[in-house]
Every structure is written in structure tokens, then in C-alpha cells.
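Enquirer: Take these sequences, add in the hints, and give me the full structure.
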Amino acid sequence: MRNLISVTAKAGGTAANTSGSTTLTAPAVEHRMDDSTDLYLPEEESVFADRVRSDRPASFTLQNGLQVLAIPDHRTPVVTQMIWYKVGSADEPPGKSGLAHFLEHLMFKGTSKHPADAFSKAVLRAGGTQNAFTGLDYTSYFQHVPREHLGKMMEFEADRMTGLILKDEDVLCERDVVLEEFNMSIANNPRARLAEQMTAALYLNHPYGRPIIGWRHEIEKLTREDALTFYKRFYAPNNAILIVAGDVAPKEVRSMVTETFGGIPTQASIPLERLRPQEPTPAAPRTVTLADARVEQPALHRYYLVPSARTAAAGEGPVLAVLEQLMGGGVNSYLYRSLVVEKQLAVTAGASYHSAALDPSLFAIFALPKPGVTLSQIERAIDEVTADIAGNPASTEDLDRVKTRLIAQVTYVQDNQEMLARWYGRGLTTGLSVDDIRSWADRIRAVGAQQVHEAAPKWLDKKRSVTGSLIKESTPKHGEKL
Amino acid sequence: MIHSYTRREVLLGGASLPIAMLASPSSLAATRTLARTGIERLVSSCGIEAWFVQDSTVPLITMEFAFTGGATQDPEQKPGVSQMVAGLLKEGSAGLDFKTFHDRLDHRAIDLHFHSTHDHFRGSLRTLEDNADEAFDLLRMALTSPRFDAADVDRIRATVLARLRHDSTDPSSLAHCKFLEVAFSDHPYARPAGGSLESVPKIAIADLKGYVRRVLAKDTLKLAVVGDVRPEVLCKLLDKTFGSLPTESEAVPVPEVVAAKPPQRVFIPLDVPQTVVTFGGPAVRRREPDFMAAYVVNHILGGAGLTSRLFREVREKRGLAYSVRENLVWLDHSAMFLGNSGTCADRAEETVEEIEKQVRHIAEEGPTQQELDDAKSYLKGSQMLALNTSSKLARTLLQQQLDKLPIDYFEKHNAVVDGVTLADAKRAARRLWGDGLLTIIVGRSPKDAAQPTTMPSATTPPPGALQLDAAPTAPPN
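Chains as they are written, first to last, in this note's numbering: chain A, 1 to 482; chain B, 483 to 959.
Think of the hints as simulated: they come from the structure by calculation, not from any bench.
C-beta atoms are modelled at their ideal positions from N, C-alpha and C, and glycine is treated no differently.
Any given hint could be a false lead.
Claimed, not checked - With a Cα cut of at most 20 Å, we get these calculated PhoX-like pairs of lysine-lysine:
hint, chain 1, residue 1, chain 2, residue 2
1, A, Lys370, B, Lys743
2, B, Lys799, A, Lys121
3, A, Lys343, B, Lys581
4, A, Lys167, B, Lys799
Stated by the list, open to error - Here are the in silico distance ranges between beta carbons for each label pair:
hint, chain 1, residue 1, chain 2, residue 2, range
5, B, Gly916, A, Glu148, 36 to 42 Å
6, B, Pro737, A, Gly372, 48 to 54 Å
7, B, Gly529, A, Pro457, 25 to 31 Å
8, B, Asp885, A, Glu259, 40 to 46 Å
9, A, Thr396, B, Asp631, 51 to 57 Å
10, A, His217, B, Pro683, 42 to 48 Å
11, B, Gly577, A, Thr411, 28 to 34 Å
12, A, Arg147, B, Arg909, 32 to 38 Å
13, A, Ser112, B, Glu846, 34 to 40 Å
14, B, Asp885, A, Thr411, 55 to 61 Å
Expert: Rendered as C-alpha cells:
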């Protein structure tokens, strides 16, 4: 299920490494407008001397609207710079699917100040790594470099916020690259194709139904003008969040950011709220069957339309995260216990909840049948599990187990500055506040059996769902263009 | 599978740790930041040795460990045994059935993983510091008294088979397996490390038990630990966990092997929109003096980042592919370079030709001085990036032991990189690519070809690969 929320990377071959880890995403109680222009800069000596990152990151907003977050980690002399633009595939104009991601690729083509590969070469000479990814609600660019190169990285990143230059031949060539990315990630992979089709079926009205990478026939027609128009409309300091994690003091970050990004003008046309067409109340279950000659291992998937962390009522985001683990987290989860161990119908089974989204998101279930087991047997068994959890509250033991693991992940993520930067970036670009993100563990702790019991029938309602079957097509169609 | 990604990360691990400040345990406790910490060689009273970095920034402990002998120790007719063992060690041990074992892990949020590479049986453990006793005790049980109950063996076998069924029509998996077959013919490296649809159903419980008995022993165990634990406490945990393992392994010796001489080309017809190209050849062993020169030129041709020659020529200038990379892969008994790309069927020929052209060019001319300088700058600067999480640092420290590098390699790494001259780089380029490539192409036949397009399936043997003209300029047929 990486397809929906996950992202497509600029550099080849590492898409999996850059995709969002949904389990680490922190949902929030409710949407709050946060991080005003108040400067919050704790005194370094007292706060950062020990157990640095369990403290609140320093955050402030420049006068031009750029929001900045500094997350200190002094263990190694390394920094991660990530800039997050609050624009993703769901913000594309109709008919231009894939544009946000296409622009992400084109952002590496140079500016009026720096030729195409100057930025990339500077990263490489520093010994660093860089990449970029696009989601439904955000587009993010990052570099991971030894700390002495941070200033230079910031200069490059600030420069390409408004200085992009695109030549026709570069644009056309890069479009071919994106089409090959599409071939690799979707066309060559029937599982990904099913995910694409199911997502489109889940969202009847909201642009989340469009694939992040785009529909092929629309990618093929994207132009230089499309990209530049989109760029000028959305790439601006007041539509961005800069996160600097690593071996650098917040005060230093502040002066560097002010110097590099401070002079970029505010873009007045950025709306205060990101409004998209919303879903109607779901009225009927949908089914999607993808038959492909390449399918040697069939699968059954189900998506339910559920609240995201931002749209959930108070406490419901963490409840859905707990429900995900109860249903599908490991061999002691309800799905595995029932389908794999007791009924011995499936090879494996699991669940995932994608909390980091500005608008209503999805809760996914999957199971792989054993040879000889039909997908309708699998579907019946899944329905029994969902009915059972609606009928019987979770045991204290099960609840404690999954909550422990979810809470521990918060500690584990502290070990990785890139992960932390992603965690905050995803949260902040999907409508959460720093406090929402930081209080995640506490809010998981507060989830009770009764809440889970009530949430299950409310959200895992078949009317809200798409059921997808991946099956083998008996006769291959030669030469068919996929 | 061959974990070239990890290896890359690990090579780059390095010199940022100021070893000069390697401190006594008491001062370590006072400094509390990794940047001021050193690597210690700990030896427990049972003789278990570990490379250790004490760090209390985050209250967790990470351990990486490896036994020599991964898939190479599978019985010849039963590839996949080591992979099955890796999948089963958490599925019930001693008095704990699989549910209870997982329950105990979950209740303390302990991450425990095993996997098998060609040469090593590896494991990793991550725990919050408070739960260290439980974590190490569960690991001890997993290693020393796995149950291999029939129901659990069948359950894990089913997941392995599901993955193999999926891979049977996945072009990248097909290309990778075929590459190893072509490169290593009858050597154990040629066998599919994850098993095959034919071998996995035949694996018996006795095979799994036999593997554990032969491979999991103290004499080949290497360990790296990073975390919030005092050295004397860690030593006791290591004794309890590994102390009762057999002293000596009974691993079968694995012969040294040189990958097949290029050029060779194999085409596997598969009806997929994107043609997958895997290419490679024999490379330089880790212990050879030219290793670093080879590493540097490989970086220039197809390494990380957005500026390698292959990236520039195949992707940026021509838009032929989204992904084009080449890695050096070093194994205990061989070495190879291995690259990948994917391109639409009607441009596959052009893509392969462009890759071959770049390979020929660098083999003949070598890199430029500027490219060499940039590559060396990258390799030196990137060392720190491999060390900035506990897990990455532990993996790096483990890999250095597997590569038989000294504990102070961090200090020496930059000098080794700096020592690569333009003449060294040219020599290495000639050696790596002078003979051309072993190329595997998986995809649709060009429309004018008489080849029938066939689909491999789980019920028939893998697609009969067609050996084509070995000349490197021959188009994929």
C-alpha cells in the first residue's frame, strides 16, 4: 500500500527508501493553526545538553511567511535540510495529473544563478546525499550533508524557490524519465496497478483519487508552461516549511535562514486554507478486479474511507492507529490470528492506516490466499474479523501490547534525524501542529478499549469501502500497451 | 540477495569518529555524545568479542551480528534453507510457542530480525534500554533453542513460496537470478539465496535444524553494539546470550570463484511494459590493493547521486531510464560489479548500447582528474553520514569486522581514498570494464523478432533463457 501515500523519488532506484513510513506518522486531535510568528528558541545550554531530541524543536516564522523548525542532534557532525512545500498531487488542476511530481523532477534543472548540475555536484563533493519526493499534500526536497556545508545547501535551496529556469529540451527529456518511472513503479507491477485503481474507486469526488505520479495519458501531455505556472503559483516562502535537523544550534539556523530565505517575497495568492472538493457520504461498497497474466500470487485488498489525523474528531486519530495494530500488526493481530493461524486460509494478512493527510484518508487491509483458497473465502473471513471487533471489545492484553509498540516507535524515531525531519514535515504539511505531533505518545496512551470498540463499526463499514481482487488472467494479451 | 546497498553504506562508514579521543569508560559516561565517543573492543568472560560504542543520547540499545555462512551453507539441492531458518527463529523457542514469543517481543517493543545473505547469517536487535534483559534473553532462546514446530515451518514456508510465486514474473528478480547463474555457474553463489519454487517445498525440519547446528557457532560470530549500556553490563548480557553456542561451526568450505568473463548476453522474454537490464562482471576483491581505486571509478561511472556518467548519459541527456546505477559487490569468495536499469521496450537496444558505450569509454580512457577529485571528495565527506543513527553505526562496525578491517580503520580511510592516483583509477577502470559486460535483458521482444513471447509461470520451470550473440553490440533480440 505504499502507492497512495508514498512518494516518488527524484533519483532512480531508491523510491522505497524515500517513501513515507506511515506508522511513524503522528496524527492529531484536531486541526489547529499553530506556529505563529512567535519565536521559540530555548536556551541551548539548559535544554539541549542531554537527551536533546526529547525536547520541543525550536520553531519560528520569517516575516515572508517561511516556517522554520530546528531539531538539534549533536551526535555526529551531520545535518539534514528538508524543505516541504504545501502542495501535492491533490492540488493539481484537473487534467494535469502528475504535475506536482513532474515539477519535482524539473526542480533539479538549474536556475538563473546556477547551472543544472551545480547543486547536485555541490552535494556530491560534500559527500552528501539528496533526493525529493511528492505526496498527495506535499512536495519535499532534502539534502543530508556534513554540517559545514549547510550554508551552501540553504543558499541553493533558497535560490531554486523562485529562480528555476526550464529549457524545452530538458522538460521533454525529463518527461520521458517520468514515463519510465511510471513504467517501473506502476505498469510493471500489477499490485501497484490494483492500488491505483482501488484508490480511484474509493474517492468519488476528492482529488486523492488521482495517482500521485499521474495518469499516463496526462503525464504524456504535460508541458514546460504547465510546470512553470504551477511553480509560480505554489513555490513561495509562505507556502513552505524548512526543517533543519542535526548538529547545528537553533540560533545559528535562524541567522542562516534569515540571510538566505529572508529576502524572498511573499506570494500573495497563496490561500490561507487548502480547500479541495470533498467526498459525499459513502453509499455503496465498490469492488475492483484486476486480472493480469503476470499474477502468480493473488491478493485481496480492502480500503475504507476514514478520517485523517487532521480531520478526525478528538482522540480518534490515535484510536484508528491502535485499531490498525490490533487488526493487522504482526502475528498476534486479529487478521493474522484468524486468517493465517486458525482458519489457515491465508499466507499472510495485515492492515495499515494512513493518518498523515489533509483530507479524509484510508484504512487498508490485505491478505494473500494460500493456493486453492478463493478470494471470496478470504473476503468472508475478513468480514468476520471486522464484525467480531465491532461486537467484542479488545482485551486489555491486546490493547497494552499494541500501545507499547506504538509508543516505543516514538523513542526509536529519536535515533534518526532524517526520520524525525520527515515525521515533523509530514505532520506540519498535513495540518498538524508541533504540539499535536509531540503529544502523539500521550494520546496513544489515552486510547481505551471502548473507543476502539466504537470506532470499528463506525469506520470499517462496507459502504465506505472498496474491495480489490488481484487475479491471474488466463490468456495474456500480447503487445498490449499498458 | 546481495546487499550492495548496505555494503556501500558501510564502506563509507568512517573517519568522523575522533578516535584520538577514545576515552576510558568513566569519561565516556561524562561526555554522552557520539561525536566524542570511541569504539571499544569488548571481550566477555566467555570470550565473546564485540565492537562497542556507548551512547546515551537516546535510551536504546542496537546490536548487529553475523555468523559466517549464509546461503552458501544451504544443502546443494535445497537452496532457501538459510532463508527459512531466518524466517523461523522468532516463531517459537524452548517453552514458548510462536504466539508467546511474539507477544513477549511486542510487550517490550523489542525489534528482533534475522536474515541470510550469500555469506552470512545475520541478525539485529533493538530495544529500549530498560528492556535489555528481556531482549537479550529472547535472542538467546531464538538462537539456541528454536522449535521448528511443523505447523510453524509450513506457515513460514507458505510465505516464502508466495514471494517466490510473485518473483517468478517480476522482471528485476528474474534478471538478478539469471545474472548470478551466468556469473557463477556451478558455484554456490549461482543458487537463488532465497530458494526456489522447486527447492522450498522439499526443505525438511531436519534441514533447518542441521543448518542451525552447523552455522550458529561462536568461532565465526561478529558483533557490534551501540547504545545506552555500561560495558560491564553488556559483557554479562553477551555471555548469557551467546555463551552456550557451540564453540566451532561446521561450515562447508566455499571455493573462491571469479565471475564469468564478459561479454555475454542473455535475453529472457517477458510481456512487461518496461524492459529491465541487469549488467555486471568480475570486480576487485575487498582485500586487494586496487579495491579503493575500483570503488572510486565505479562511483564515477554509476555510483550514488545525480551526476554519475551513466545517470547523465542514459537519464539526463536521453531520458531513456528513470533508474540507472552500478554498485561494487564484494563477497567473501568473489567480487563483482552489478548494475541495473529499466527502459521502455522500443528503446531497450539504445539503452544497452549507451551503457556499453560508456563502459567502453571509461575502460579505455579512465576518468578525468576532475572526476577523480570530485569522487574522492565525496567518499571522504560521506563517511559521517553512515554513522548518524545507532543502527547505521552498528551496521558499519559489523561490516568492518566482516571485511577484516582494523578497529581503527576510521582513522585510515581518508588516507586510503587520497592514495588513489589517476593511474590507479585508469588501471582499475580497464580491469573492471575492459572485457565489456555480462548483460541480462528481460522484456518484450522487438516487434520484428520471431521470438514467441512467453510467460513464465509457477507451474512450469522458469522461462528458458535464450543465449544470444555474445558480442556486446548485438541488439536484444
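Enquirer: Are any of the numbered hints broken by this structure? If so, which, sorted upward?
Expert: Structure breaks hints 1, 6, 7, 9 and 14.
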